[in-house]
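**Student:** Can you make the complete structure from the sequences, with help from the hints?
Read top to bottom, the protein sequences are chains A and B. Our numbering puts the first residue of the first sequence at 106, with every later residue one more than the last. Our numbering puts the first residue of the second sequence at 610, with every later residue one more than the last.
Keep in mind that the hints were calculated from the coordinates and are not lab data. Please note: incorrect hints may appear among the correct ones.
To be verified - For lysine to aspartate or glutamate, the following EDC-like pairs were computed, each having C-alpha atoms within a straight-line distance of at most 16 Å:
1) K666/B / E577/A
2) K621/B / E694/A
3) K260/A / E128/A
4) K639/A / E669/B
5) K639/B / D672/B
6) K354/A / E338/A
7) K675/B / D324/A
8) K675/B / E325/A
9) K578/A / E669/B
10) K621/B / E698/A
11) K639/B / E325/A
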Amino acid sequence: MVRTLVVCEKPDAASRVARALDENGQPSKEQLYGVPYYECDTRSGEVVVCSALGHLYTLAAKGKPPRRFYPVWDYQWKPKNEAEPKKSARLRSWILAISSLAKGADRFVNACDFDVEGALIGWQILRHACAGADSHAQRMKFSTMTERELREAYKQLAPRLDLGLAEAGKCRHELDWLYGINLSRLLTESVVKNRAGYAILSTGRVQGPTLRFVVEREDEIGGHVPIPFWRIEASIKHDGRSYLLEYEKEKVETFAEADRIVHDCTKSILEITKIESSETRQDPPVPFDLSTLQSEIYRHFGYTPSRTLSIAEHLYLDALISYPRTSSQKLPPDIGYETILQGLSRRNDYSSLVKRLLKSSLRPNQGWKDDPAHPAIYPTGELPNRALGYQEEKIFDLISRRFMSTFAGPSTRLSSRMILENGSYRFFLHGSRIVDPGWTEYYRPYVKDVEQELPSLDQGRKVPMESIRALEKYSQPLPRYNHVSLLRKMEDENLGTKATRADIIEILYRRGYVKDQRMQATTLAIKVIGLLDKYCRLIIEPGFTGRLEDLMDQIQVGKTSRRRVLLEALDHLRPVMLDLVQREEEFGELLGETVTAQRVMEFTFETPCPECGSKLKIVRSRKTGKRFIGHAGVWDGTKKCGFSAPLPQFGSISILAKRCPNCGFQMVQARSPGRRPLISCPRCYAEKNRSAKVASIGSTGEARVGRKSTRSTSSPVSPQMA
Amino acid sequence: MNGKIGRCEICKLEKASDSSFCPTHARAAKNLREGYDAWNRAFGAVPLATFFARLSKLPETGDRVKELVRFYQNDPNRWR
Numbered sequence: 106m107v108r109t110l111v112v113c114e115k116p117d118a119a120s121r122v123a124r125a126l127d128e129n130g131q132p133s134k135e136q137l138y139g140v141p142y143y144e145c146d147t148r149s150g151e152v153v154v155c156s157a158l159g160h161l162y163t164l165a166a167k168g169k170p171p172r173r174f175y176p177v178w179d180y181q182w183k184p185k186n187e188a189e190p191k192k193s194a195r196l197r198s199w200i201l202a203i204s205s206l207a208k209g210a211d212r213f214v215n216a217c218d219f220d221v222e223g224a225l226i227g228w229q230i231l232r233h234a235c236a237g238a239d240s241h242a243q244r245m246k247f248s249t250m251t252e253r254e255l256r257e258a259y260k261q262l263a264p265r266l267d268l269g270l271a272e273a274g275k276c277r278h279e280l281d282w283l284y285g286i287n288l289s290r291l292l293t294e295s296v297v298k299n300r301a302g303y304a305i306l307s308t309g310r311v312q313g314p315t316l317r318f319v320v321e322r323e324d325e326i327g328g329h330v331p332i333p334f335w336r337i338e339a340s341i342k343h344d345g346r347s348y349l350l351e352y353e354k355e356k357v358e359t360f361a362e363a364d365r366i367v368h369d370c371t372k373s374i375l376e377i378t379k380i381e382s383s384e385t386r387q388d389p390p391v392p393f394d395l396s397t398l399q400s401e402i403y404r405h406f407g408y409t410p411s412r413t414l415s416i417a418e419h420l421y422l423d424a425l426i427s428y429p430r431t432s433s434q435k436l437p438p439d440i441g442y443e444t445i446l447q448g449l450s451r452r453n454d455y456s457s458l459v460k461r462l463l464k465s466s467l468r469p470n471q472g473w474k475d476d477p478a479h480p481a482i483y484p485t486g487e488l489p490n491r492a493l494g495y496q497e498e499k500i501f502d503l504i505s506r507r508f509m510s511t512f513a514g515p516s517t518r519l520s521s522r523m524i525l526e527n528g529s530y531r532f533f534l535h536g537s538r539i540v541d542p543g544w545t546e547y548y549r550p551y552v553k554d555v556e557q558e559l560p561s562l563d564q565g566r567k568v569p570m571e572s573i574r575a576l577e578k579y580s581q582p583l584p585r586y587n588h589v590s591l592l593r594k595m596e597d598e599n600l601g602t603k604a605t606r607a608d609i610i611e612i613l614y615r616r617g618y619v620k621d622q623r624m625q626a627t628t629l630a631i632k633v634i635g636l637l638d639k640y641c642r643l644i645i646e647p648g649f650t651g652r653l654e655d656l657m658d659q660i661q662v663g664k665t666s667r668r669r670v671l672l673e674a675l676d677h678l679r680p681v682m683l684d685l686v687q688r689e690e691e692f693g694e695l696l697g698e699t700v701t702a703q704r705v706m707e708f709t710f711e712t713p714c715p716e717c718g719s720k721l722k723i724v725r726s727r728k729t730g731k732r733f734i735g736h737a738g739v740w741d742g743t744k745k746c747g748f749s750a751p752l753p754q755f756g757s758i759s760i761l762a763k764r765c766p767n768c769g770f771q772m773v774q775a776r777s778p779g780r781r782p783l784i785s786c787p788r789c790y791a792e793k794n795r796s797a798k799v800a801s802i803g804s805t806g807e808a809r810v811g812r813k814s815t816r817s818t819s820s821p822v823s824p825q826m827a
Numbered sequence: 610m611n612g613k614i615g616r617c618e619i620c621k622l623e624k625a626s627d628s629s630f631c632p633t634h635a636r637a638a639k640n641l642r643e644g645y646d647a648w649n650r651a652f653g654a655v656p657l658a659t660f661f662a663r664l665s666k667l668p669e670t671g672d673r674v675k676e677l678v679r680f681y682q683n684d685p686n687r688w689r
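**Tutor:** Next up, the structure:
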């Protein structure tokens, strides 16, 4: 009897694969060293399905150099539990369990996600934990976790592992490690040796050029000189309704010209000289690739790209959508358009839409982007067998409606333009009407159907100008990047991968390089990029990193080797690092002061204390360790004011420049990885809680008198109590 | 190579080779001069003091430009 070991990337995936492969859909769940695995009965023999927990192996310096030593050039792949004994200790039992299961196996299958990371995770497990089974292991390729596709994928196993992908993955990790470790240790050490305290400063192959975009934008905004221009605002009245007119020039560049237009057209009579109309057709949207999904979600719901990816992965593991880490905007026919639509029609809100779609032949509007590994993101047609969370439901609905709308016809709109003239001055009145909603019916509420009717006036009619004025305006600086625009910029410049870009942006926040939703580069970021730009410009050049990305793509298809790419990168990095080591002191002097200043600034509010007018800070209770807003120096008696306000106790806290519209206090933002940032006003929150408490005391009739009841009692611990 | 490094008159960072400011303030100074020309074209003629006063109040004005405006307001001769 043949015994097959199937290696999956995550425990949830292993459970799905096992259920699909077992003859009765009920594999037996076992445990070895506390690690779950599944035994399945199949016609071809016994199949054991086990899983990793993402990467089980990682890079570490060879030998045992001191923890903060740099530059480091010699490295090796090690079990994660050995490289990071504190953080990843439990992975020891996972490797042991897989090794034990491998001993009794005759056949090996890598069923990790079909991408660079999945190829690498599977290859390393098979190579190191399964005694070199990578040489004869097979590959299971699938894009959805549905039982049908998993069974099909198991029947059609690729005879070999995708070594090109695994090599490209290895190369990416090695390059990132070499750049990250050496440059980040240089920055961190220079500050530590300057006695500015310990602060993790990092940069890397992708992080450096990404941060540079933000800093360059900050530089442009800082150097912006607003240039005046004038906008003509005019209106006519017909049948008791006002219609806003548009002057032929969007911007009038001089005050004199604007003044003349207003003077000549005030109380003038406009003649309708022409009415033009034309039909415009808008094709349906293309299917989602990961970055368009992330930007659409951000636009409609405000979820960060990393949050979107994490939710989409949950939906994928629940077999509700296809693999989300894809660059493709194409839906191949073999995914079974009709079956998926029929599956979706089981939901009440989709059934009538699907019925209409199925009346004609199904042909999606394909996008131009392609991915050899996976199709675009689509719903599998399966319905959730658990109640989806609020955010999961939103994302699932958007993906489903997008999928349906790609099969619908174009929408048609009749656009009209009325031209009104007064001598040499021309004004326009625009109108539009939907003739055929087409795909927009399937994509509601994510599309807006704005209609604007023209007044019932014929050509040659004369209408009096109701009002006209010139508004003084100023040119605006370029907008700061947000999560999505920066992600798109990274994609355009070929920086990072679809899987890593969102995380890199999160790191910029964690390191204190950027703040606020609209990313503002901090002084620290400007200093770091300034130094790197001066001494190792190549490292933060997007072009250089982009070239390395291209080379890694070439490894995947066998056009170049990992060794050659590493040698080329090291040729650049090694001399730069050796030079930078000599400049550690200079780096320390320039960065140390900024790190200290930023640390103070991060914890200090600009808004003064409403009771005593002095500076407020984020402080921690000595007793409970909880953080809140208060005064430093309360404990040693140098400060007598007892004002305090509560803070969220999760995630990292940052003080925003934005003020509360109600009370004017500075807002705070709590960020946790993969979660939507929480922005709130601590003072209003305290007030609200206090009022609620007073009301509840009133309703229960309890009488509690004392200092605590008049304070912001939701604060974890006030300084007086501590 | 141990020559004295010139410092930006505003932020004291190393100055650009062809300016008395650092590269960031030098770029802002260039924009400021071009901006003054644009303002003169737009309004006819604008006294320099009015230009500086209005610029420093506009929310669209960049922070580096505001620093330069303060610098020139304190020492108008440096504008020439």
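**Student:** Which numbered hints does this structure break?
**Tutor:** Of the numbered hints given earlier, the structure breaks just one, which is hint 4.
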